[in-house]
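*Asks:* Chains A and B, in that order, are what the protein sequence lines are. The first sequence begins at 1 in our numbering and counts up by one. The second sequence begins at 1 in our numbering and counts up by one.
Just so you know, the hints here were simulated from the structure itself, not pulled from any lab data. Hints should not be assumed to be uniformly reliable.
Away from chain A, derived, C-beta distances all over 12 angstroms, residues of chain B [unchecked claim]:
#	residue
1	Val21
2	Ala64
3	Ile91
4	Arg116
5	Leu190
6	Thr191
Below, a sample of chain B positions facing chain A; criterion: calculated Cβ distance under 7 angstroms [to be verified]:
#	residue
7	Val49
8	Leu85
9	Val87
10	Leu90
11	Met94
12	Met95
13	Ser148
Nothing here was measured: the structure is a model prediction, and the numbers come from that model. C-beta atoms are modelled at their ideal positions from N, C-alpha and C, and glycine is treated no differently.
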Amino acid sequence: MDTHVLSRRRGRALAVAALPMLALLAALPAAAQGVPEGAQLFNQRCASCHSVGQGDRVGPDLMGVLTRREESWVTTFLKSPGAMIDGGDPIANELLKKFNGVRMPDQQLTDDERKGLFAFFRDCAEKGSCQPGDTGPKLASDATPEQIEHGRQLFEGRAALANGGPPCIGCHNVRDIGVVGGGTLSRDLTFSFARLGERKMTPALKDMDFPLMKELYGKAPLTDAEQYEVKAYLASVSRDGTPPRKDRDFFYLGFVGMGVALGFIGIVLGGRGRAKD
Amino acid sequence: MSNTFLYDSLPYLVLVLAVGVPTWLRHRERLSAWVMRLVEREGTGSAAVSLVVGATIMLLWHAACFLLPQPVQLFIRSPMRLFLLEVVGLIGGMMLAWGLVASITRRLSSRDAGARAWLPFQVLLLAEVLNGLVIAVAYRWASAWYVSVVVPYLRSLVTLQPDATLIAQLPLTVRLHLFGVLALLLAWPLTRWLASESSAPGLVSAREETAG
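Just chain A, with the same shape it has in the complex (with noise of 0.2 angstroms):
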């Protein structure tokens, strides 16, 4: 009867102690499943920034991120660092000062995409270094600042595009160009990069399949060289996910134009004008 009594309270204590590991075992699947979708997600959103064992870029080595800090400060950051930067966060406000002042742009990741990045960041932690896969097209991070300048030219027209394409800035505001900025006929692209990831901007600007745009650059399209100097350019300026100020110079300095225009009237006519009764 004892013998009974303790085989069954073993085979309890045995059942109890194995229903973790069984859990283990089933999440490693899961796991394991998210983290090439993870890698080529950090590929696309986040390389042009950020590596994972390979030292500090602009952003920091987010080589075990996930046990420095808590995977829910993680989250939030991911969601908006502008809002927790703001919000007086010391360790976000901390990276901030370290690296430059630059804002990192928010992301917009569903549940699924954030799950598989966190896998790709376990794994790379537990491998001890991770090389995510450099498969598709090059990516922005690994331009060259004369490659990044000569986007910035294309994009302003400073110089010309080869099959003679109108230039970006016609129609495009970016942060920080021109004289007081791009146009803001069709959207501000100076987040344009965080938004799309290398994953889709790569082909918008081949394709340029958005309106107006499909026509204009249809018989004119831009060469691989400068759809990819424009495309790291852009990734550069979305590095910094400060929001661009909406200025309204230019309608102000009509005013003052019209103004000093006047006043140069008033003089040359020196009180010889006669205003019609």
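Using the hints, position chain B against chain A.
*Replies:* Okay, now just chain B, sitting in the frame of chain A:
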């Protein structure tokens, strides 16, 4: 002298001189009479000068983009020159708007039926100018996209092969600006006829009627 100038620009320069100079010589008296009438009507105050200067800038700005799109594109390759062109256009538009407001105000208090006949046209023109100013500010760097988007449509109209693919995708404000031009083109001959009818000899003016 570069081949570009010899083969691309010289023919147009010669054409302008061959057509423009004789035309000016033939019509210079009419032109000076028109200027005299304008001075008589609008005066020589700063509002009148603003009207003329603003109208001249606006005409030149639109005509240059329409007639010389490639030189304009070359000119605005520098962001500073693009900015200057836009500022000049904006100031010109503001001066024209101010001149028109002053002229409309004066006509409103005028008893001359011929002068008052131009009021609807001037109000329509003012609306068009204000719409242009909104475009210049809200959809700035119009000289850049006007050359690439609107000029091809205007040229397709001239060559009798209308192609509205590009302009159909522009914001409503910009499309209204184009329709405003059509309205002005329709209103111009009608207003001239009305003005000439109103000021035709034989009609008794309000002052004469009172005196009689």
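*Asks:* Evaluate each hint against the coordinates.
*Replies:* Consistency of the hints with the structure:
| no. | hint | result |
| --- | --- | --- |
| 1 | Val21 | holds (28 angstroms) |
| 2 | Ala64 | holds (16 angstroms) |
| 3 | Ile91 | violated (4 angstroms) |
| 4 | Arg116 | holds (15 angstroms) |
| 5 | Leu190 | holds (25 angstroms) |
| 6 | Thr191 | holds (20 angstroms) |
| 7 | Val49 | holds (5 angstroms) |
| 8 | Leu85 | violated (11 angstroms) |
| 9 | Val87 | holds (6 angstroms) |
| 10 | Leu90 | holds (4 angstroms) |
| 11 | Met94 | holds (4 angstroms) |
| 12 | Met95 | holds (6 angstroms) |
| 13 | Ser148 | holds (4 angstroms) |
The structure fails to meet hints 3, 8 from the earlier list, while all remaining hints are met.
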